[in-house]
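Number of protein chains: 2
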Amino acid sequence: MATSEPRATGGDQDPNSANLRPPSTRFLQKNNSLEEKGRLAGQKNLLSCDNSDRDARFRRTETDFSNLFARDLLPAKNGEEPTIQFLLEVVDILTNYVKKTFDRSTKVLDFHHPHQLLEGMEGFNLELSDQPESLEQILVDCRDTLKYGVRTGHPRFFNQLSSGLDIIGLAGEWLTSTANTNMFTYEIAPVFVLMEQLTLKKMREMIGWPSGEGDGLFSPGGAISNMYSVMIARYKYFPEVKTKGMSAAPRLVLFTSEHSHYSIKKAGAALGFGTENVILLSTDERGRVIPADLEAKIIDAKQKGYVPLFVNATAGSTVYGAFDPINEIADICEKYNLWLHVDGAWGGGLLMSRKHRHKLSGIERANSVTWNPHKMMGVPLQCSAILVREKGILAGCNSMCAGYLFQPDKQYDVTYDTGDKAIQCGRHVDIFKFWLMWKAKGTIGFEQHIDKCLDLSQYLYNKIKNREGYEMVFDGVPQHTNVCFWYIPPSLRGMPHGDERREKLHRVAPKIKAMMMESGTTMVGYQPQGNKVNFFRMVVSNPAATQSDIDFLIDEIERLGHDL
Amino acid sequence: MATSEPRATGGDQDPNSANLRPPSTRFLQKNNSLEEKGRLAGQKNLLSCDNSDRDARFRRTETDFSNLFARDLLPAKNGEEPTIQFLLEVVDILTNYVKKTFDRSTKVLDFHHPHQLLEGMEGFNLELSDQPESLEQILVDCRDTLKYGVRTGHPRFFNQLSSGLDIIGLAGEWLTSTANTNMFTYEIAPVFVLMEQLTLKKMREMIGWPSGEGDGLFSPGGAISNMYSVMIARYKYFPEVKTKGMSAAPRLVLFTSEHSHYSIKKAGAALGFGTENVILLSTDERGRVIPADLEAKIIDAKQKGYVPLFVNATAGSTVYGAFDPINEIADICEKYNLWLHVDGAWGGGLLMSRKHRHKLSGIERANSVTWNPHKMMGVPLQCSAILVREKGILAGCNSMCAGYLFQPDKQYDVTYDTGDKAIQCGRHVDIFKFWLMWKAKGTIGFEQHIDKCLDLSQYLYNKIKNREGYEMVFDGVPQHTNVCFWYIPPSLRGMPHGDERREKLHRVAPKIKAMMMESGTTMVGYQPQGNKVNFFRMVVSNPAATQSDIDFLIDEIERLGHDL
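So the protein lines, in turn, are chains A and B. Under full-length UniProt numbering, think of the first position of the first sequence as 1, with each following residue one higher. Under full-length UniProt numbering, think of the first position of the second sequence as 1, with each following residue one higher.
Chain A with its partners taken away, still in its complex shape (with noise of 0.2 Å):
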């Protein structure tokens, strides 16, 4: 282990004595005429923003870092060299682990318990001390803590809704934590502002809202997007609950499927609305709200003198991958006055595909809706987009106005300060690598993306569907990528359907998945669901899975799971 003392020196800081300035003073100006930018353009020399110097070209070099530690690097004094070489070798470890990641010779994980790693793997020691470890010991950590990490861009990785590692998102995301800035103001953040301004109304326009109108923000992840849906519904038709709180209204109610996700409720617990206010919608048996429950609950609600305020259409739900029927829900929104929520976490990406978008015909009806192009659409974590259709309402609900952040006497104009929009102060930048990734596909990218992890969903289906051993959690072609399914052993096969069959049938999921964790080979995940035991769930949302990783899912399922 390179623990080794730090050294006396410290990095003490080497200011440089250059303090160039523009030659004259330039007041206050509003446009930068062309004449202008010719002046600036002259200035460059002197004071410079380009990035664009092709010359200074790295060189990596052997570079000891066992006496090398984080005070050498810049700002450090001579800094620059050891900064780079690190940086670059850095770099050369997640190289590497990039080509692994898409390596089908590789495990998709090396598993070992929490004691186990606890306890220090092979000097991988997680504590933290008062003094410093040598960049030789940080760099040799960095590779433990991808080695005993899960490769959730495997081709055999299928465990969760979002998989996939996308270079040119890896790439934006490089350069996101590079520029380190936060999204609450265009004086910090102009082009990620901006970028953020033109996504989400490419977004809203893909939704089907008039000339893309509306309003929207980045937020951390779907349950908060979601969140905010409830916030701005309740702000719509009870503005005075931001002042007064929930006593100045009536006892609001939410409703939602009972397949939706976890987070409406989770929201209506954290807003105040309390979770029995969240009403659970009855679903057909492919998971699909029945709009008639919808409508005699709504009614029900309102006998008791409660006040319906918002229904969530989930679009794509996490475990059967069910598309609500938007239309006929719109409708009972429309007749009750009632706030439309979609939630399209998982299925919103299908917007983007022309043979599959009918799934979510009836968004544009929408109120608001949530979209995670995190999850189908390959983009790293986290990028979840909550988009409005009312402008000016996110504001409403949220703005506290505060003097130091939101200035109103800024010289550009500050109606692109979005910050205030949000129940966030500092927003991570989670727009670029999403922009970057749609100017590098392009809009056709993300279709094909998405029509080949339908089409191979479908294979699996078709595969299993009739396959001795095999039980279909519900019948027909699934409608997003989630395919659910029991494996059944050979020992329960000949089993008669009862209380023992379920209970042993409750065990092979969690059995199997234990064991393909064990042997690192693939991972997918499984799952109870109402009175249904354990299945799997199988999701594609990976552009490295191909037919053969399907193949080879079904092959280890049955290797595992042939003796229990």
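Source of the hints: derived by calculation from the structure; they are not laboratory data. It cannot be assumed that every hint is accurate.
Identical copies go unnamed one by one, so any copy, or any two together, can satisfy a pair.
As a list, the in silico DSS-like pairs of lysine-lysine whose alpha-carbon atoms are at most 30 Å apart [as the list claims (entries may be wrong)]: (1) Lys147 - Lys77; (2) Lys202 - Lys504; (3) Lys355 - Lys77; (4) Lys244 - Lys304; (5) Lys297 - Lys99.
Put chain B on the given structure of chain A with help from the hints.
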């Protein structure tokens, strides 16, 4: 512009035909014995998770990206070489940016108005289209994005509480985005989940809770962390609100300083308390809460029949950098049985300094603490912790037990699946960069950084407190690195105090700031506060800043403001 027609050949997938598996099926194991480890090691050549393959070092070649597209990168057939070359090209852009960030002869920003950037700057087109762009264009877009952005790591960027570009933190973020996983379960983020646990424990030890016991989470920023504190306070005293909503509780009131961060009010609005029930406390002229005012307002609220629930004490206010007297506030909270939260988003870092931690004295009496390592400790955005003294209450407050994520029948100890404690579902990995920085610097490294920043701000204070043309907003040495002052241009120096002077002075800081941004030399924040007209708020958290940069700022203010 290199917008080529996309080529007709798609990036066909090339699944490796090698479907290698370990020779035997290993059944569910709770422990890998040493023998087992040996056996696993023996399998490495077959199926490996090893990243330390040192011979595969990258070689950079000249690549023509004008005919390459995203679809030519991994997972495409023969995609490895273009992938590595593309990533190295991006890294070249990023390392050049890093070098220039620390170079004082470069600008902090190259300011343009929104309409200018939207119209397209020299071929930098923000619009998205249906067709893909070449990788060459993508690289140009990356350069332009940085070119028109703001260098928040520049030694003369003082605009935000978060500033600086820490190289270790940056490496940590690059790794995090390459690992691209999610904090909700141990299953897919084993190493990161453990790092979070260990780091939160260290932070709780620093707060002074016995043995570092308690609970916590990293959340997407201080505003959300503060929102958590209000939610769990409500859950502690009125757990039935989770199921029944705010109508199950009496009229609850929250207390926070008139100088506190606006997120407490935002939380009050969002969570259903209403902003009118967020009672603002008076402060002394240094911006610190007056404890007697708190007690008087508690008594007043009780007399009106309201129920005091929660007090927020700010440790490091946003504008003045004031530390509320925690011990005196804690006495009152104990007396009236209220939840005490300490918002140390900005000041929490001082706990790392033996010299300055006394400013948070009493914090160990808090029920919850917000602490943002992304502010004073220089960790890249976002990195904010909510820390809670009582174990289990976060889960109690937020859990919904989603079956598809938090299966109880996994093979490992599922108490490590922490996702259900959060209001988020997916949660970005914010821990790794912070953990890596702590490893690389040690606690003493953070301490040195913090002490240095406070020394620098004292240097600024000493420099201007009696300087001609300056007025301090409050008297005395600042508690944190915030130095608040007016610059009085010569034209106002002889003017009698009164409305005219106030109006003119109010316009000085915005004008100077606008000129700073136009010339790109430095950035510092300003705002009004209460009845005080616009003043500069200087803060130091950037490790690259030195005394010469402070000198530069003052020179620059005088240069730009002299003739106003």
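Do the hints match the structure? See the list:
Proximity of lysine 147 to lysine 77 under the C-alpha cut-off of 30 Å is restricted to the inter-copy arrangement: shortest distance 25 Å between copies versus 34 Å within a copy. Taking the shortest alpha-carbon separations for lysine 202 and lysine 504, neither the intra-copy value of 50 Å nor the inter-copy value of 43 Å comes in at or below 30 Å. For a Cα distance limit of 30 Å, the shortest separation of lysine 355 from lysine 77 across copies, 26 Å, qualifies, whereas the shortest one inside one copy, 58 Å, does not. In this assembly of identical chains, the alpha carbons of lysine 244 and lysine 304 lie at most 30 Å apart whether taken from the same copy (24 Å) or from different copies (15 Å).
For the identical chains of this complex, lysine 297 and lysine 99 are neighbours neither inside a copy (53 Å) nor across copies (62 Å), given an alpha-carbon limit of 30 Å.
Figure legend: structure checked against the earlier numbered hints; hints not met, in rising order: 2 and 5.
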